[in-house]
Structure formats: C-alpha cells, structure tokens
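Student: These protein sequences, in sequence, are chains P and U.
Taking my numbering, the leading residue of the first sequence gets 30, the next gets one more, and so forth.
Taking my numbering, the leading residue of the second sequence gets 11, the next gets one more, and so forth.
Rather than coming from a laboratory, the hints here were simulated on the basis of the structure.
Quick caveat: nothing in here was measured; it's all calculated off a predicted structure.
Accuracy of the hints is not assured; some may be wrong.
Stated by the list, open to error - Calculated cross-link-like contacts (lysine-lysine; reagent style DSS-like; alpha-carbon spacing at most 27 Å):
1. Lys149(P) x Lys68(P)
2. Lys234(U) x Lys157(U)
3. Lys68(P) x Lys76(U)
4. Lys43(U) x Lys188(P)
5. Lys200(P) x Lys17(U)
6. Lys234(U) x Lys193(P)
7. Lys200(P) x Lys54(U)
8. Lys54(U) x Lys87(P)
9. Lys38(P) x Lys75(U)
10. Lys192(P) x Lys95(P)
11. Lys188(P) x Lys17(U)
12. Lys54(U) x Lys149(P)
13. Lys200(P) x Lys68(P)
14. Lys83(P) x Lys75(U)
15. Lys54(U) x Lys188(P)
16. Lys54(U) x Lys86(U)
17. Lys76(U) x Lys38(P)
18. Lys186(U) x Lys196(U)
19. Lys174(P) x Lys17(U)
20. Lys157(U) x Lys38(P)
21. Lys150(P) x Lys17(U)
What the hints assert, rightly or not - Here chain P is said to cover these stretches of chain U; the calculated rule only asks that three of the stretch's residues, wherever they fall, bring their Cβ under 8 Å from a Cβ of chain P:
22. 48-60
23. 215-226
For each residue, glycine too, the CB sits at the ideal point set by N, CA and C.
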Amino acid sequence: MQDDLELIKRLQNQDSNALSAIYDRYSGALYGVILRMCKNEEWAQDLLQETFLKIWQKSNQYDSEKGKFYTWSYRIAKNLTLNALRNPSKLIQNEDLSVYSDKELDEPEQDILELNGSLKKLEPHHQRALELVYFNGLTHREAHKEMDVPLGTFKSYIKQALKKLRETYQKELFLFWIIIEKMI
Amino acid sequence: MDRNSIKDTGILEQYLLGELSEDQRIDVENILKEDQELREYFYKIEDDFEKLAMENAISPPTYIKKSLLSSINEKKQITTDKNVIPINKKSQNAIYLTIAASLALLFIVSSGWLYNQWQNSQNNLQIVTEETLDLRNRIVVLEENLKETNTWYTAINNPNTIQLVLKGNQISPSSKAITYVNHKDKTVILNSKGLAKLETNKTYQMWADVDGEMIDMGVIPADKEMIAMKYIENAESINITIEPAGGNDHPTVEQLISNVLLQI
Numbered sequence: 030m031q032d033d034l035e036l037i038k039r040l041q042n043q044d045s046n047a048l049s050a051i052y053d054r055y056s057g058a059l060y061g062v063i064l065r066m067c068k069n070e071e072w073a074q075d076l077l078q079e080t081f082l083k084i085w086q087k088s089n090q091y092d093s094e095k096g097k098f099y100t101w102s103y104r105i106a107k108n109l110t111l112n113a114l115r116n117p118s119k120l121i122q123n124e125d126l127s128v129y130s131d132k133e134l135d136e137p138e139q140d141i142l143e144l145n146g147s148l149k150k151l152e153p154h155h156q157r158a159l160e161l162v163y164f165n166g167l168t169h170r171e172a173h174k175e176m177d178v179p180l181g182t183f184k185s186y187i188k189q190a191l192k193k194l195r196e197t198y199q200k201e202l203f204l205f206w207i208i209i210e211k212m213i
Numbered sequence: 011m012d013r014n015s016i017k018d019t020g021i022l023e024q025y026l027l028g029e030l031s032e033d034q035r036i037d038v039e040n041i042l043k044e045d046q047e048l049r050e051y052f053y054k055i056e057d058d059f060e061k062l063a064m065e066n067a068i069s070p071p072t073y074i075k076k077s078l079l080s081s082i083n084e085k086k087q088i089t090t091d092k093n094v095i096p097i098n099k100k101s102q103n104a105i106y107l108t109i110a111a112s113l114a115l116l117f118i119v120s121s122g123w124l125y126n127q128w129q130n131s132q133n134n135l136q137i138v139t140e141e142t143l144d145l146r147n148r149i150v151v152l153e154e155n156l157k158e159t160n161t162w163y164t165a166i167n168n169p170n171t172i173q174l175v176l177k178g179n180q181i182s183p184s185s186k187a188i189t190y191v192n193h194k195d196k197t198v199i200l201n202s203k204g205l206a207k208l209e210t211n212k213t214y215q216m217w218a219d220v221d222g223e224m225i226d227m228g229v230i231p232a233d234k235e236m237i238a239m240k241y242i243e244n245a246e247s248i249n250i251t252i253e254p255a256g257g258n259d260h261p262t263v264e265q266l267i268s269n270v271l272l273q274i
C-alpha cells in the first residue's frame, strides 16, 4: 500500500478535504485499534476524533522519509488511548457519570472486537503476540510477561507472526492475480 | 549494531509500535536514514502492520466525521478571526494615529499663534524703540533749542546789551531786523526774522562803519532767526546790504537797505 503523498501534502497545507479523504482511508483501521485497546465505544469514539484532530494539527510534523503515514497515525492513536486509559477521569470529566455506572452499557459486543482476516490463519501464540502489542497497546516487555515467555522468545513470535502474515498476503495476492487473469 | 542484529533484536518493530525512548528512537531513525536495505525491510513491517489493521478495521459511527470536520472548521474560523485581530489592531493604531495627528495639529496651530504673537511683540517693540529714539532726538533738539534760546535770552537780557532796530529803507520797506550789541562783552546778536525774503542768488550782509570804512561783520544766513555777528571795535553804525550769494568783500552801497547809528 503506497501512501498518497499528494494527499498528505494537502493535509499539511490544512486542506479540510484532504483530512476528509484521509479520515475515509484510515478511520476504520484506527478505530479498530482504539476500540480494541479501550473496549469502550464512547471513549473510543472520542479518542478517534481526538486522534484525527491531532493528525490535523500536527500534520506538519509528519516526515515521509521516516515512515508511512499510517504508522505515524497509529502511534498518535495509541498514545492518546494509552494516556486516556492511564487517566480515565479526563475522558469522562464532562460526561454524566451515571451513564458509566453500568459498564455493560458501553462495552462492545465481543464479536466486533474479534480479530479477522489473515491474522486468524496464524497459530494462536503468534496471533496472541500480535494482538497484545498491536491491538492492546502493550509493550514487548509487558506482553512477554503476559504470555509468560522470555522476551527473546516473544520477539521471535512477533517476527515469525509478521513473516507468516506476509506469506498469507502474498498468497492472497497471487490468488487474486490468478482470478483476475482468468477473468480477462 | 549491524543490519542483521538490528533485524534480530526486534527494535524496528518496537520503533514502529512507538515503544522506544527518545534517544533510541533518534538512533533508529539515523540508522534507517543511512541504510537503504534496512529501510526497505522496515517498510515491509509497516506494510504488514497496516494490512493487519485494515483487515481488522471497524467502521466508526458517521457522526464522528461530521463532528471532526465541523470542529476543524470552527477552529479555522477562529484562526480567521485571529487574522482579523491585526486589522483591529490596525484600527486601534489608526485611533492612536488620529490622536497623534490631532495633537500635532494642535501643536502646529498653537505654535503658529505663538509665532504670530511673538512677531507682533517684535513689531511693537520696534515701534516703541523707534519712538523712544525719536523722542530722545527731539529732546536733544529741544535741549539744544533751549540752550540756544537761553544763550540768546541771557545775551539779550544782559543789562549791558543795547537793542537796536534796523528798519528797511525804500529798497526793502517791509524789512525790520533787531540787533543786540554788548560793548562790554564785545558781542553782536542779530534777529533777522523780519528781513524780507531774497532770491536764492542773493544774501544779506552786515557791515560796521569805522571812520568811514565799511568792515565786514558777516553774511546773514537765510535759515536762522538769531545769529551772532562779528563785533567790530569803534564802529559808528551798523549797515545791512544785499549782496550776491556767499557775500562780498566790499559793500554794494546802492543796495543798502538799512542802517543804525551806534551810540558809544
């Protein structure tokens, strides 16, 4: 997936149409991350909006030489969410607290949070490793303890998981290519 | 750290996930900047994670986008409003400028008025100075006149002074001059006011008769009323003749207009 540098340039020039296009492209992916991290739809929605506001405000700090635009956006979303989880009072300070007294109300249904796609084809420990660091926002150090494996082992899980994931993508791409060929 | 050990440590994954400290992050960025192959490797990891996220995307409610866009438009509006502030500042500056201009104008007007006043004072002072000078001159003239009059008065009022009237004969019947002779002080004063006016090329001249010889006592100036004439010893009579302007060495007897005998 190539970044649309022209679109990003427009965003950096504070073009709100560019922000709209970027939102359409990345909001689902980022919302998936945020919602799985905080497991509260109300908070996740606030955090998603906050994430895009920050993307808008800090767009000039993005440097395409240093990495992909999505990676940069992901870090913003993750940091905001982790900060909010560490200090939840900020999230609900302007809300009616009674709404949150019954936590069930905002808790998303489990099947929404379930991981999909190529990830499901991975072995469970690989799946879990990626889920912990990528969707739960744990650091490598926290995650290896969570999985009760040494840090080195955990790192190799991540590496292998990504490798397998890539192979799956390539297979899918190959299949997709065959289908297209046949259709033509 | 070589390329493979960087790959093995999993530091790139941690970098991607934003887990590194500031120093580590900068180190990784520098390494990536210099190593093309490592950069491509990192790009693949990024791509993997991005695909992972896309596959696990959850559509957020549509109101978030609307709320986001309206919120940034509000902020833009505020920014635009902020841009308006300098205009307000400008208008504020214009107010200050107006005040300053008014003060300057007031200053110019009052300066002009003061300058005018000063010029008037200068003129008045000059007039007063001129008048003072004029008065002083007049005083000098008056003093001189007084001094002269006093001199004449003293001379005339002297007990030793004899007053003699010289009446015009048939040549100048209207003429009448008065002469004051003081033999003690040896002075002769003439009041020529009563003499008839002469043409400009003529003048009156006074003579003393001593043993039949006429001796010059002086030309009588036309512009003076009282004049001192020469005193001649042993004069028997005083005579006035009409002579050419500037006077004559010998009297023109035909033009004798008046004479008076002296009683010694």
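Student: Each hint: holds or not?
Tutor: Comparing the hints with the structure gives:
| no. | hint | result |
| --- | --- | --- |
| 1 | Lys149(P) x Lys68(P) | holds, 20 Å |
| 2 | Lys234(U) x Lys157(U) | holds, 15 Å |
| 3 | Lys68(P) x Lys76(U) | holds, 23 Å |
| 4 | Lys43(U) x Lys188(P) | holds, 22 Å |
| 5 | Lys200(P) x Lys17(U) | holds, 24 Å |
| 6 | Lys234(U) x Lys193(P) | violated, 148 Å |
| 7 | Lys200(P) x Lys54(U) | holds, 16 Å |
| 8 | Lys54(U) x Lys87(P) | holds, 25 Å |
| 9 | Lys38(P) x Lys75(U) | holds, 20 Å |
| 10 | Lys192(P) x Lys95(P) | holds, 22 Å |
| 11 | Lys188(P) x Lys17(U) | holds, 9 Å |
| 12 | Lys54(U) x Lys149(P) | holds, 20 Å |
| 13 | Lys200(P) x Lys68(P) | violated, 32 Å |
| 14 | Lys83(P) x Lys75(U) | holds, 14 Å |
| 15 | Lys54(U) x Lys188(P) | holds, 12 Å |
| 16 | Lys54(U) x Lys86(U) | violated, 37 Å |
| 17 | Lys76(U) x Lys38(P) | holds, 22 Å |
| 18 | Lys186(U) x Lys196(U) | holds, 23 Å |
| 19 | Lys174(P) x Lys17(U) | holds, 22 Å |
| 20 | Lys157(U) x Lys38(P) | violated, 113 Å |
| 21 | Lys150(P) x Lys17(U) | holds, 24 Å |
| 22 | 48-60 | holds (count 9) |
| 23 | 215-226 | violated (count 0) |
In summary, the numbered hints that this structure violates are 6, 13, 16, 20 and 23.
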